[in-house]
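Undergrad: The chain contents come next:
Protein chains: 4
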Amino acid sequence: MYSFKNDYSEGCHPAILQALMESNGEQHSGYGFDMYSQQAADLIREKLESPSAAVHFISGGTQANLTVIASILRPYESVIAVETGHILVHETGAIEATGHKIEAVQSTDGKLRSSDIIAVLDKFEEIHKPIPRLVYISHPTEIGTHYRREELIALSQCCRENGLYLFIDGARLASGLCASDITFPDLARYTDVFYIGGTKSGALLGEAIVINNPVLQQNFIYNLKQRGALLAKGRLLGIQFKVLFSNDLFLEIGNHMNQMAAKLANAFQELGYSFLTNSQTNQIFPILPISVIEKLQKKYDFYIWQKMNSRESAIRLVTSWATKEAMINQFIEDLYIASEVEKKEVCEVR
Amino acid sequence: MYSFKNDYSEGCHPAILQALMESNGEQHSGYGFDMYSQQAADLIREKLESPSAAVHFISGGTQANLTVIASILRPYESVIAVETGHILVHETGAIEATGHKIEAVQSTDGKLRSSDIIAVLDKFEEIHKPIPRLVYISHPTEIGTHYRREELIALSQCCRENGLYLFIDGARLASGLCASDITFPDLARYTDVFYIGGTKSGALLGEAIVINNPVLQQNFIYNLKQRGALLAKGRLLGIQFKVLFSNDLFLEIGNHMNQMAAKLANAFQELGYSFLTNSQTNQIFPILPISVIEKLQKKYDFYIWQKMNSRESAIRLVTSWATKEAMINQFIEDLYIASEVEKKEVCEVR
Amino acid sequence: MYSFKNDYSEGCHPAILQALMESNGEQHSGYGFDMYSQQAADLIREKLESPSAAVHFISGGTQANLTVIASILRPYESVIAVETGHILVHETGAIEATGHKIEAVQSTDGKLRSSDIIAVLDKFEEIHKPIPRLVYISHPTEIGTHYRREELIALSQCCRENGLYLFIDGARLASGLCASDITFPDLARYTDVFYIGGTKSGALLGEAIVINNPVLQQNFIYNLKQRGALLAKGRLLGIQFKVLFSNDLFLEIGNHMNQMAAKLANAFQELGYSFLTNSQTNQIFPILPISVIEKLQKKYDFYIWQKMNSRESAIRLVTSWATKEAMINQFIEDLYIASEVEKKEVCEVR
Amino acid sequence: MYSFKNDYSEGCHPAILQALMESNGEQHSGYGFDMYSQQAADLIREKLESPSAAVHFISGGTQANLTVIASILRPYESVIAVETGHILVHETGAIEATGHKIEAVQSTDGKLRSSDIIAVLDKFEEIHKPIPRLVYISHPTEIGTHYRREELIALSQCCRENGLYLFIDGARLASGLCASDITFPDLARYTDVFYIGGTKSGALLGEAIVINNPVLQQNFIYNLKQRGALLAKGRLLGIQFKVLFSNDLFLEIGNHMNQMAAKLANAFQELGYSFLTNSQTNQIFPILPISVIEKLQKKYDFYIWQKMNSRESAIRLVTSWATKEAMINQFIEDLYIASEVEKKEVCEVR
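Residue numbers (full-length UniProt numbering), protein chains in the order written: chain Y, 1 to 350; chain L, 1 to 350; chain W, 1 to 350; chain A, 1 to 350.
What the hints contain is simulated information worked out from the structure, not anything from laboratory work.
One or more of the hints may lead you astray.
Pairs of lysine to aspartate or glutamate, EDC-like flavour, derived with a Cα cap of 16 Å [to be verified]:
| hint | chain 1 | residue 1 | chain 2 | residue 2 |
| --- | --- | --- | --- | --- |
| 1 | A | LYS299 | A | ASP334 |
| 2 | W | LYS123 | Y | GLU83 |
| 3 | W | LYS263 | W | GLU325 |
| 4 | W | LYS5 | W | GLU142 |
| 5 | A | LYS5 | W | GLU26 |
| 6 | L | LYS307 | A | ASP122 |
| 7 | A | LYS324 | W | GLU26 |
| 8 | A | LYS343 | A | GLU270 |
| 9 | A | LYS123 | L | GLU83 |
| 10 | W | LYS5 | A | GLU26 |
| 11 | Y | LYS324 | L | GLU83 |
| 12 | Y | LYS307 | W | ASP122 |
| 13 | L | LYS123 | A | GLU83 |
| 14 | Y | LYS5 | L | GLU26 |
| 15 | W | LYS324 | A | ASP334 |
| 16 | W | LYS307 | Y | ASP122 |
| 17 | Y | LYS123 | W | GLU83 |
| 18 | L | LYS324 | Y | GLU26 |
| 19 | W | LYS299 | W | GLU333 |
| 20 | W | LYS47 | W | ASP186 |
| 21 | L | LYS5 | Y | GLU26 |
| 22 | A | LYS263 | A | GLU325 |
| 23 | W | LYS324 | W | GLU270 |
| 24 | Y | LYS299 | Y | ASP334 |
| 25 | A | LYS307 | L | ASP122 |
So here's chain Y without its partners, still in its complex pose (with noise of 0.2 Å):
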């Protein structure tokens, strides 16, 4: 059975590996104070084209995303998501679990725009509502689409005239950058904090907070500490970033994952399915027949998304570093056999 379902199936790409077993007996300060923390930090800082960006490496996405949150409002103060936003659907309410109210918004293809934050403050009632403070996107989004260089231009340019901190999911950034015009120093310039996600493009574990603004990066370091997110062997995460944007490995991890999946998409299309949404990054989502869905899953581990009628569904295909061509390749041959079979089937009973 090769599994589908995620990018966290398999453990970390070889070169980390190396890299973990060339430094393990050297001793090193701990609380990510360690030489490889700080040259991961500089290579990274580097890739921004931005010398005082604050980098701070941690264990897991959630995690990431409530000790951002949390660091930033104020206690009577929200953020503002779309509604399949992984902090609203996905982390157990582990932002409300830190005080703080999702203003979720409607979106069709996971994105957010402007006239969505609009709307949001419009709705706003002095006192009697928390104030929305900080807009939350997800790039790529949790649905596999992603924002082009300009959509992130006009939603930074929102949220810096009402006041509003712009903050990027980046759980599959390096799939999310390969698609998208978008560049590292895009992220310094128009966010405010971002993270690049590390566990889902062939780290380990890990992320790297990156907090742009000035203002939000003083005294960071206690929220890691205190929710339990610092960790003691910092340089487990320094090591794996300093691979990871060393070569630009993290951004041929990217494409990679992007290659795969494209070639999956392909097949689909050729065999004239269609797709819950219009992805070019390492998640797709095709609508198949259920008899389809049933033969693949003999063979094949992934998600059923979403119902779409009696007789279809959607799935969820997820590619990673470790994806072979050779998978991709016998896949679609396992796809289009039951293609074909449903395809007979469908006329027979006709």
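Use these hints to put chains L, W and A onto chain Y, whose structure you have.
TA: Only chains L, W and A this time, still in chain Y's reference frame:
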């Protein structure tokens, strides 16, 4: 410069790296539902002789403490701890940040006694004070001492008689178990919950929370997820604890640390130095003349723990899974030389 | 300028002032342990026909909601409410500030149905979403509608079958009870907890929280104290509720408010205006031509609730214990005049 | 049985009841935007000689403390207080429940000194401890002592030099101001925020929070609303503070309480009894033979504060706005008799 600053300066035990390499390409379920995490939990339950214990793996000690404590207490309940307890002095207010008061108890040796618990209960006032509900102890303590089996039993009885839960912070449990007559089954029998420290016993990161009391087991994992403590690649923790609990590696590591520390302690004793605390674990706190400290500092890294008087300070030396006997010998040699010189200087001054 | 803005514009019912004066010189115990609070609680238990109900008095509705909800839920549990619920739109994120997510449900009439509850439960995902544990409804609702007895029973059954608690926000309970066939004993029987609004029913301030479910009664008072909701001079609340629950004053007030509102509603109906919601309680939401609204605004204060189209808006009119029939007559007279003028103007335009 | 248990046993000053009656029929805006609240705030600003102070009225002291403290501190910041401080011993962990650690300082007289603040700052460790940011003192203290003007100035300077805010809990400020040389303008000048206690100085309920530091004023009202501390009928608080701050009634009440307490204290002194603390405010703590206490308990209610030895205990006597001189005289008479008897008994025993 060789460091005796702590037990998290090095990477991980080679057997762990080996297991990570061997399993790297495998695909596993996320969030701790992988095969390795299940196997590690089984191995731990076996050692505890407690088939019904719930075992959860998370990334660090502060995270373990805050997640466990906050999951147990109702909003108006408090936890009792000695004033040197890790949750009181080294976690940036993490417990209070979850909404709970810590009732601090004075202690000269880092250990809590039943009489301390009773004293806190005696000061309780209905409605106007939080209700004490949990007792937190560390084994070994933050200053190197440890509990004896009969002390643990006495605390456990006191807790049960007074409707209190008992929680052991086992950040350095490997060292503690090897220094005392307390066994794994004792921990299952006499505590409601405890955690097994991996980070300070040869893992890259990771602690295993063990919940013995069935009342406290229910839905615990939701707390982990909500606090960002549930790793997507949970296998990383599972694999490490599987290695640590195969072939008694965990206790082997504890023994090694303790022996290295004992060898250091003997040298100090032979030279006539006294100690701040009576430690048989991997942290020792010799009291040295400042001139000796300064000489040692040229070659070794360690914390100056406490100024005793104008002439002497207590230092902390910590050994780890990676401490080499050769380095211990070298240190002792250098200590003898520094000590010799100091005695001469003192004589000359006189 | 006469105000129909809300039901807390005036002071308190004269009988309450009288009782405050008569008792003023007496010495009583603090924090709700005074004779009057005990008597008031007894009177309430009598009305409920529920000798085991726990009754606590506090100063306001948001305080009641947040204290009750936070006392019931474990950190990873959520509460279900309609999107117009007071806790969602008018409490500055007070519930989220206690750490809990509100699952918002769409509703056109401000009422929650069992099917809404089931729909939320169906979307639940283990571990990754908070566990719904509590259902919050308001009787009457924030938009003037109310539940019928059979609807309450259906909700209650649905909750019990699904392991959910049921909580009624009774900020305007006097009005709600007088409009519906739900009785005090029904509230004891079919809810786990509810509160009786005093502030909006003739008290200076104060709400009575009634906890029917014995599981939820334990130590509840600690939550009050911890959140600053336990008044030192608890007698102030006790005296008021004693007055409100002697001689059925509470329901008398509810009836008065409803009758005054009904008289207004009839006038609008006779003039052919429609309403935003079908209300038989003390809040009505007639939809009026903007020119009529503007004329009324010269003599009366009220909220413009919602813009319907370019010509019409819904306004909110609220009656209180203090609303005088003469003022209602005057308003109706002014309404007829404004309406007459408007119709003429419209004719002329045509 | 006459009670000297506390200063909230009786209702309110008659002038307040009178004002409530006179204004009862008037319609006013809610949530503190009524005319009376504005007038009361103006009167307070006048007394403070501080036109820019922000004034907010809320219902109780614990609510004032928790709202103010939580509004000032960032999540990782702590507050310094003496171990007898109200927030440490009598608020059911309300401050910790907002997420903040209180750094407790030992003090024999209930007062905090600059050296205590410096001692806390000296123990601070970067990252691993919360950052102290606020100093909390009570004037008068919980054990009857009070600050002198020069002590307040010294604390204020110490705070400003060390980047700390200074907050005074003025639950019994009327008594404190009348006992010390500190004036209202001093409070505006030397604190960042303080509150004026109404509940314990003749109001039915209510405290006035005064925020002097403009940085701390912004959006403060959102905290009030979110914590359920903003009364719908805010007029109830406004009217009371308007009465208390017209014609110096507030200080008149303070003087009365202090004089009644002083008269009691003189009697104890004349009889040769000593005191637990040196109080010139409305709480005194005489140390009496247990036999005397038992005799007094037959006619009077008061707290036994602390057991001194097998023969003696300190009791607490509190006077209020309502304490009648006749009762003081009666008590003194009874004290003389009880004392006489006791001395005889002691002689006979010898």
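Undergrad: Okay, which hints does this one fail, numbers in order?
TA: 11, 15 and 23
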